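Read top to bottom, the protein sequences are chains B and V. Our numbering numbers the first residue of the first sequence as 1 and each following residue consecutively. Our numbering numbers the first residue of the second sequence as 273 and each following residue consecutively.
Just to be clear, a hint being listed does not mean it is correct.
Straight-line Cα separation of at most 27 Å, DSSO-like style, residue types lysine-lysine; simulated pairs [to be verified]: (1) K433/V - K523/V; (2) K494/V - K341/V; (3) K466/V - K432/V; (4) K523/V - K193/B; (5) K251/B - K193/B; (6) K416/V - K161/B; (7) K160/B - K465/V; (8) K124/B - K523/V.
Quick caveat, the hints were computed from the structure, so don't treat them as lab data. The model shown is predicted, which means the values in this text are computed figures rather than measured ones.
2 protein chains.
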Amino acid sequence: MSPDNRPIGVFDSGMGGLTVLAELVRLLPGESFIYLGDTARVPYGSRSPRTIQRYSREVAGYLMQSGIKMLVIACNTASAHAKQELTESLPLPVIGVIEPGVNALLARTRNRRVGVIGTRSTIKSSAYENQIRRLNPSVSVFSKACPLFVPLVEEGWLDKKITSLVVQEYLSELVREEVDTIVLGCTHYPLLKKAIYGEFPLLQLVDSSVETAAEVKRELEKEKISSSGSPGSPPRIFLTDLTEQMRQLEKLFFGMPFQSVEEISIGEGNIQ
Amino acid sequence: MSPDNRPIGVFDSGMGGLTVLAELVRLLPGESFIYLGDTARVPYGSRSPRTIQRYSREVAGYLMQSGIKMLVIACNTASAHAKQELTESLPLPVIGVIEPGVNALLARTRNRRVGVIGTRSTIKSSAYENQIRRLNPSVSVFSKACPLFVPLVEEGWLDKKITSLVVQEYLSELVREEVDTIVLGCTHYPLLKKAIYGEFPLLQLVDSSVETAAEVKRELEKEKISSSGSPGSPPRIFLTDLTEQMRQLEKLFFGMPFQSVEEISIGEGNIQ
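Let the hints inform the model, and build the full structure from the sequences given.
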């Protein structure tokens, strides 16, 4: 089999998907990645499914022009609403964050009572719930939207008293339902793992970023499209809007500043 | 002078401007209003000035087609970045929320030490600070971005312990600087007045919604374009994206559900 050194496209509505990119780079150092954050239209979470689908099509179309070999939807909202359409319309493997998270959730629960937390839109889509029931209808699922978590993370308030109280406020009812495992259904939430374990040390947390990276590795091997194994080029980062705050978030989410970030226009921007 | 029964256009990036609309309807029951919330692209606060200007032009263009006699920018971010351009390009009076807030702030401070709170973008624009210095360079201004306030309000957590802690976290440094008056530089913040007074009872808070409505009344009289005085028609509400959450926010921000809401496309939507 000949190596396939084309890049892997990763997209998110904003900067949160960088937690997925960071896991991908860690697990697959021989691959090259192109990340597109649609920061001009973030957050997708508060938009209608139809709008999310249109935005996702536009973003995927942009990445396709760069000759990617696989598309990773590193965004729970877009995975919930647009993965099926993209899978059907694109001639390459499309990986979302929901299935890998659900697989890990079902593998780890002991009492078959599980929790799902995410943005309002992800929870309202029932995407996790539906996938869980599809795979194992006997599992009880308890879902909770946690809209304060994203701004808490973006503020960098990862270990404040406020954060503990918000964690308590959102997760107490899941814990009262005796869930033993919770999937973090939003790419920002892995940064709150410590705060959540601080309040609820017995919970098992499933980090979709880690699970998705593992799924990408399996899919590359299955499709025989892995790279040559020599170190890939550093990830190329495209954002549809650049602000000062985003330069801070890249360190928070990716662990280090990027070598370079390019600002691009998609959707309406292309036709003005 | 003959009455001018054309409607007044009010726009915001989302639902927060409804606090301004509510004050306008209360103060000017004889006027008709058209409200446009650009909910498909909310929040403007995290976008670049150039993007905010483009969005504001598109929204204003839509309202102009409805034959409005005055434009109220019920959005601090858009007032900060787009008011000057809209004032120069549109053939009607344009009122933003910043000048009315600053005038009230300067009228009420006793010790000439004032605070400005708002979204990251509003604070970064220095729009309030610049306007304050223009009118009175001897006043000391202390600014603070409070990104958690909007999601707290949208969650309806107006009098929780968490809210008190977030208020303390954000406002303590302004209080240490001995400011005596703070302008609420975001249309969501009036709903936090009680929580802020609870922590800091001696502060004076300037509510831009109230001040802007008063300014609109003065401008209508000055320009001699007031309506006939008979009750105006109920406000027409246009949103660029409709979700379930928005139906809850209209009660929170406007005090009652709307008779009807129309979903419209602007910007990219028109040319697809």
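Structure versus earlier hints - violations, ascending order = When the structure is compared with the hints, only number 4 turns out to be violated.
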